[in-house]
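> Sequence:
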Amino acid sequence: MGSLGVSRTRWPVAAWIRLTLPTRPPPVMLTGGPPPLPGPPLDLLVPNPVPTDPRRRVFSFEEDHDAWVLRLVWDAEDPGILEAEYRAPIYGGRAPATEVPKFWAAVKRLVAPLGPLPVESADPRP
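Numbered according to the working numbering, the sequence shown spans residues 1 to 126.
No wet-lab data here; the hints were simulated from the structure.
Nothing here was measured: the structure is a model prediction, and the numbers come from that model.
Check the hints yourself; a few may be wrong.
[Unchecked claim] Derived DEER-like restraints, expressed as beta-carbon distance ranges:
no., residue 1, residue 2, range
1, Ala-112, Arg-55, 23 to 33 Å
2, Pro-89, Pro-36, 36 to 46 Å
3, Lys-108, Asp-66, 12 to 22 Å
4, Lys-108, Pro-38, 16 to 26 Å
Where is the CB? At the ideal position from N, CA and C, for every residue including glycine.
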């Protein structure tokens, strides 16, 4: 899974989750023209420019934990997906099995305002 935007930490992604967001109703158009671009699904997501393509609208949020960082990423070009990354100083491996439930719990806590979200894919799965 390629990471979008620029992360505050240079640690690699050792685990990730792709969640399917609920479909939003189409915007009500009061004037002619193209519909407005969708906004991020969570208020905590802030713009995170992609240096190689300034037209891309990527939003992210990072939360520090003891020895890892949780990063949520939403791309306006793929508005139905919210990605969560477990970033830690683990090079050439995966997140420890003891840390995966903590990662999943932190993700669930942050996305709780959206309701239960189906998991599209994840590595590793719980």
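> Run every hint past the structure and note whether it holds.
Tested hints:
no., hint, in the structure
1, Ala-112 <-> Arg-55: 23 to 33 Å, "holds (32 Å)"
2, Pro-89 <-> Pro-36: 36 to 46 Å, "holds (40 Å)"
3, Lys-108 <-> Asp-66: 12 to 22 Å, "holds (18 Å)"
4, Lys-108 <-> Pro-38: 16 to 26 Å, "holds (23 Å)"
In the structure shown, no violation is registered for any of the earlier numbered hints.
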